[in-house]
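Asks: So the chains spell out like this:
Protein chains: 2
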Amino acid sequence: MLVRATDDGERFVLTDPTAMPRAAGFLWNRQMMMQVNCRGFAVARFMQPEPARYTHAPNLEAATFMQPEQPYYAHHPGRFCYVKDEESGEIFSAPHEPVRAKPDRFEFSVGASDIRWTVECLGVRVEMEVGLAADAAVELWRIRVSNPSGRSRRLGVYPYVPIGYMSWMNQSARYRPDLGGVVASSVTPYQKVEDWSRQRGFKDRTCLLHDREPVAFETSREAFEGEGGLHAPDGVRQALLGCGEALHETPAAVLQYRIALAPGQAEEFRFLLAPERDDAGIAGLRERYLDGAGFARARDQYAAYIARGRGVLRIETPDRHLDRFANRWLPRQVYYHGDANRLTTDPQTRNYLQDHMGMCYIAPEAAREAFLRALSQQEPSGAMPDGILLAEGAELKYINQIPHTDHCVWLPVCLRAYLDETGEHGILDARIQDGAGETLTVFERICRAMRWLLAARDARGLSYIGQGDWCDPMNMVGHRGKGVSGWLSVAAAHALGLWGDVCERHGRDDLAAEFRAGVADLNSAVNAHLWDGEWYARGITDDGVAFGVANDAEGRIYLNPQSWAILAGTADARRRTLMIAAVERQLETPYGAMMLAPAYTGMREDVGRLTQKFPGTAENGSVYNHAAAFYVHALYAAGESARAWRVLRGMLCGPDDADYRQRGQLPVFIPNYYRGAWREHPRTAGRSSQLFNTGTAAWMYRILIEDLFGLKGAPEGLRVTPQLPPEWPQARAERLFRGARFDVRYARRTGATAIEVRVDGEPLDGDCIGGIRPGRDYRVDVRLPPA
Amino acid sequence: MLVRATDDGERFVLTDPTAMPRAAGFLWNRQMMMQVNCRGFAVARFMQPEPARYTHAPNLEAATFMQPEQPYYAHHPGRFCYVKDEESGEIFSAPHEPVRAKPDRFEFSVGASDIRWTVECLGVRVEMEVGLAADAAVELWRIRVSNPSGRSRRLGVYPYVPIGYMSWMNQSARYRPDLGGVVASSVTPYQKVEDWSRQRGFKDRTCLLHDREPVAFETSREAFEGEGGLHAPDGVRQALLGCGEALHETPAAVLQYRIALAPGQAEEFRFLLAPERDDAGIAGLRERYLDGAGFARARDQYAAYIARGRGVLRIETPDRHLDRFANRWLPRQVYYHGDANRLTTDPQTRNYLQDHMGMCYIAPEAAREAFLRALSQQEPSGAMPDGILLAEGAELKYINQIPHTDHCVWLPVCLRAYLDETGEHGILDARIQDGAGETLTVFERICRAMRWLLAARDARGLSYIGQGDWCDPMNMVGHRGKGVSGWLSVAAAHALGLWGDVCERHGRDDLAAEFRAGVADLNSAVNAHLWDGEWYARGITDDGVAFGVANDAEGRIYLNPQSWAILAGTADARRRTLMIAAVERQLETPYGAMMLAPAYTGMREDVGRLTQKFPGTAENGSVYNHAAAFYVHALYAAGESARAWRVLRGMLCGPDDADYRQRGQLPVFIPNYYRGAWREHPRTAGRSSQLFNTGTAAWMYRILIEDLFGLKGAPEGLRVTPQLPPEWPQARAERLFRGARFDVRYARRTGATAIEVRVDGEPLDGDCIGGIRPGRDYRVDVRLPPA
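Chains as they are written, first to last, in the UniProt record's numbering: chain L, 1 to 787; chain C, 1 to 787.
Keep in mind that the hints are not guaranteed to be accurate.
One copy or any two copies: either way a pair holds, since identical chains are not told apart in the list.
What the hints assert, rightly or not - Here are the simulated lysine to aspartate or glutamate pairs, EDC-like style, with alpha carbons at most 20 angstroms apart:
(1) K102 with D434
(2) K397 with E194
(3) K203 with D279
(4) K192 with D386
(5) K482 with E605
(6) K102 with D85
(7) K102 with E222
(8) K192 with E50
(9) K192 with D606
(10) K397 with E61
(11) K203 with E605
(12) K192 with E395
(13) K397 with E379
(14) K482 with E194
(15) K397 with D195
(16) K102 with E120
(17) K102 with E227
(18) K482 with D458
(19) K192 with E605
(20) K192 with D542
Read the hints as simulated data drawn from the structure, not as lab findings.
Using the sequences and the hints, build the whole thing.
Replies: Shown next as structure tokens:
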């Protein structure tokens, strides 16, 4: 079997590096992120305060946002260990690159707080393990070389980190016996005086420190590689590495050890790879992590850090694969987003709010703080900025420089999750000063945002799209100020409806009525102008052309307007049925529902950027999981639980080998998309983007908790409204909620016609468990009708 | 012998790809540039209108200026041809990468208008040749495979172009039987609406077209490479390529041919590699170049284009190496700069002016146009902008966004060469309108520029440095508005002096007096405040700290202030002698004179950016050839001809193998720098930057013509004032000048005490040949005293 999961759900193991060459795990803390794949290639970034690299490409790589479908190539950054049989001269490398020797045994094993490999080749076993420090940009590596061959061995062991092209201005590397490792130095290029003050404190050195002195070393990539190439480097083929300096030559860190192993014997090496500012900092790293017990302590601390992201749900279902994902990997991914803010200093506002919607289930106090921070950057008009600045001197970059019109929508959508989960309505009265000096409460600010949404509409009552809204950033639809968005119109209606409920509970019936009138107005405008016969159009351009409609050859139907029209109550039952059938027919795939179909194959100048993406990737006809999750959420809202489960299950990777191969990913995160264009490009459909930055994680977690297992907070307590898959006869969930623990057992019973709930043996009146006492354990039995 | 030159000076040949792995040639036309090295790696750019790539790195590469010391790596763009022995299965690749098989014979042969290889391996000979179209971004390739093995052979031939990571937005590749080749498509990412209008016409496709149908093909890099890796690709090892499509996978163009060769037999293939916009454009390329005689015609046209850059000097000296460089390669490089403007749309003003100073000797009408264009962008204050915009919509980029204070200096320096060479003083009366709508003559504009230089000085009379001046852009010396530049002060003096002479000839004695008074004033200020005992300081910071002085541990002495103090007449004889001795002691190396010494090893915050470069590279203690050329020019001005020749000869690459190896470059261009820090880093000292963009070319050409061979224009005619190296007993030069041809024979004669010149047998009175008649041939005999 290609992919195994450990029984306790703690790890995923891949046993063939060639079957899924991109399969990867990721580790992070607030200072750094590292995605490392089964073959040893790695992408790592750390914050200073903008994301920076400490191992580099072999050329001058562009500074950019995290890319989906990251390309790998021979000299891509990675972490490797060459092994040479000193008798025969044969070599291989662990994990797999750069030599690519066929291993006798291979295991790539991804855990929550470490990533490990076991590679056997030439009768030598190499075990590698990497973890991070809990609170610093430090990689901690262990390499264990053992001898299962039954005969004595003499081996050369060569840990190798290609440090890459650090800087055109200044780069070098030297072995530093005083610091115990290779130190590569560089200077981030600066040209403007003002850049210097920003850059002068940069950690421009990369060090590979060891706990055992090597017999030789090399610090220049070219000198190491020679004519042999990375797959058979001269450095490894000759007796001793050249012990050279890299003088503005591409730096690499290679250490050489010589060991003799009796049968069954092993030797272990520990290394630390990190960016640092200067010698003193490097010496500090050695002292903290490599001398004495620091290495083991750091592992424990990092495991403890990761454990803080365990979340509020533990399940046992007939679907072991779902169990593992929901119990271990999904909350971990949600935690990553919320605690590390995707390793950016200017998260898109909608991402930031939704990531912290996810944090409501992990660390609600962090979510609270994030909501307040976001609102402190609200504009006087009520509009929200395109990104939330998190660091001193941060600025809006990349797509955040393009104005988008949807950010206000996410305020009530996400805050509602916080209120439901925590019951802490005091947040509504928290007072926040904005950049212009005005102080308002959270409640007042969100009311202002809702009024901004109501105002940003045309004479028909439809929401302007401007240069773009969420998830399908089409920037020529409405840049002249006339085009409207079908999705944003129904999304605004949904947001206003949610906020109307909050207003009512907050004792403001007047405002509730105002916003509910807005909902009705939006819904009737959408029904009047955007219903296309079987589904809702995506929008109308500046020139009055509706798109996402039946007579479009490409981009004929979009998922988001349908999902949100269900959530907003826009569609009546007849329209809802038609829409859902159209989505099933045109957008569903074995990997979830596509965001639109058919994918655009070329530029449509009145629609813009989206149409330029490759068909089936990113938003252009991919299974854009974030949007697919909304569809699932809407289906549950419509009571379409079987259909919802089908789409949701498609979005989960696995559990059979053919599926893993096709997606090319281990199910340790949900990616931002799977390739779509299912009909046009079946070879690549389903392929994972490998990018774990996605609002999908928060929504999928919320959906599992609140929709599928139906364990959703309400002002009065915990509502129990499950919508289990028809094929499950029973299931169990542990739900942590407001300090209490609920042990929930679901079972289908013949004869039952409605859901019956017992709490500690007593039948529950209604669906809400009230009067919850923190610290208490509750036993909840849920009887379900047969499927 | 590692490097050979052909007897006629037409080509340089390298016979070992491992001895000088970076050795490269370059080809260009106005639309594109291509630097291709002996092993097959290539850097190519074309204009649309900004420089763009059509073969890409394997990752998202930064957009940047042309980098010195270009890094290569396995997946770097290149042009290759795999060959497989169909009987034994053995493979190699021509030229050398990616397989790196040891060749039985190797020749990398660089000519003026083509680059060729001959590689023999496994008893197969592969000849490759590349040229360009004269007026389009098109590479034209010929591959000839022959069989010198004496037995019949069955071979697989696989031309391979890694097209690389074209775009994160959209990339694909397909074999197109209708177009006859592989077409890779992409979309340049755009996010802002305004980007689209700029990008919509981009040539985002890359096509490899063939003249013979292959038996199979591959278009995905990963599919081609498989587990074998680039050095042993699965695609080549299996029987047939997979004939796959690249669907948002990294594109590559691989074609497979199968040939059977009797002993001595050969087969030839022709290919075209080019960026294009659409199918129609690609079909047009095929029609124009691949069907019929177009291929051969294009070769001829390109050779004719290159031949237009032959220049005005042909020499025969005892130094065959100098002959080849001066007759063939140097004017070609000067022509490249002037005709293609370094493939940029915003050349730095100082570069643009100096490049066109070089064009005065190649195509003076182009130089004239360039000077007028530059002056049309003069600011109302008289200041010159940091870059000259050449294309619609061009903008100042990179270093051109940092204000520099020296641009005005280059106007008289460069215009003077034009006046001397052409005698066309009418340019001074040409009227030019600037961006503000003001119309002035060239003469008036340069006077205004000179007054700007005089005004931009402090109370001591020294020139402000601001954020930087030429060649050693130190941006913290004077950014607060107080720091001054020693070099700029003497450079301004030199410029004013040159311009004073022009004013006088132009009948404006009043202005001549004004500017000459400025010269005196500047010189006395420099002598009063910047003389440091044995040389001139480089400047004084905002805080009043002189630098480039004897008590600086790093950056103790700078070359430029000394050179220009000689040119400007700042230094008296005693000081000049001291300076020259100091330069000899501290700055001279076997590769020319370093720009400063000792190189900075770390940041000195009151000096700035320069100090952050790696010691010995770029300006930081390198042999910055442009600056070294000025030193040579100054030495000739001072009559120090032996010393000048020593430095100049050091700057020329070759002619012995040890020297070639150390520099790593064929002498087909002069690079912008050789590594310096000769004392600190002897291993890398002398290494070529490989970058052929440099003002050195124009200056070196001017120096050879006017200083060394002493064949310099004057208003009255051609002045003959040679300063031949002492070791030359004789030499000969053909000089084209104002339409006439001068056959000049130099010879040392015992007994001669001064230079004696005969023109057509008649002794010349003075040193100036006047009354030159266009179309005439002159025989000039120059008798020189013994050395």
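Asks: Should K482 paired with E605 be assigned to within, between, both, or neither, using CA atoms and 20 angstroms as the limit?
Replies: within (16 angstroms within a copy, 53 angstroms between copies)
Asks: At most 20 angstroms between alpha carbons: which applies to K192 and D542, within, between, both or neither?
Replies: Between. Shortest inter-copy distance 17 angstroms satisfies the 20 angstroms Cα cut-off; intra-copy 41 angstroms does not.
Asks: When no copy is specified for K397 and D195, does a C-alpha distance of 20 angstroms or less occur within a copy, between copies, both, or neither?
Replies: both (16 angstroms within a copy, 16 angstroms between copies)
Asks: Could you figure out if K192 and D386 sit no more than 20 angstroms apart (CA to CA) within one copy, between two copies, both or neither?
Replies: between (27 angstroms within a copy, 14 angstroms between copies)
Asks: Under a CA distance limit of 20 angstroms, which applies to K482 and E194: within one copy, between copies, both, or neither?
Replies: between (40 angstroms within a copy, 18 angstroms between copies)
Asks: For K102 and D434, with the copy left unspecified, which applies at a CA distance of at most 20 angstroms: within, between, both, or neither?
Replies: neither (60 angstroms within a copy, 69 angstroms between copies)
Asks: When no copy is named, should K192 and D606 be tagged within, between, both, or neither for a Cα gap of at most 20 angstroms?
Replies: This pair counts as between: shortest inter-copy Cα distance 14 angstroms, intra-copy 39 angstroms.
Asks: Under a CA distance limit of 20 angstroms, which applies to K102 and D85: within one copy, between copies, both, or neither?
Replies: within (16 angstroms within a copy, 25 angstroms between copies)
Asks: Between K397 and E61, at a C-alpha cutoff of 20 angstroms, which is it: within one copy, between copies, both, or neither?
Replies: Intra 17 angstroms, inter 18 angstroms, cutoff 20 angstroms: intra and inter.
Asks: First find the shortest C-alpha distance between K203 and E605 inside one copy, then the shortest across copies, and answer within, between, both or neither for a cut-off of 20 angstroms.
Replies: Only across copies: K203 and E605 sit 18 angstroms apart there, 45 angstroms inside one copy, limit 20 angstroms.
Asks: Could you place K192 and E50 in one of the four classes (within, between, both, neither) given a Cα distance threshold of 20 angstroms?
Replies: within (18 angstroms within a copy, 23 angstroms between copies)
Asks: Regarding K397 and E194, is the shortest C-alpha distance of 20 angstroms or less found within a copy, between copies, in both, or in neither?
Replies: Result: close both inside a copy and across copies, 18 angstroms intra and 17 angstroms inter.
In this structure, only the earlier hint numbered 1 is contradicted, and the remaining ones agree with it.
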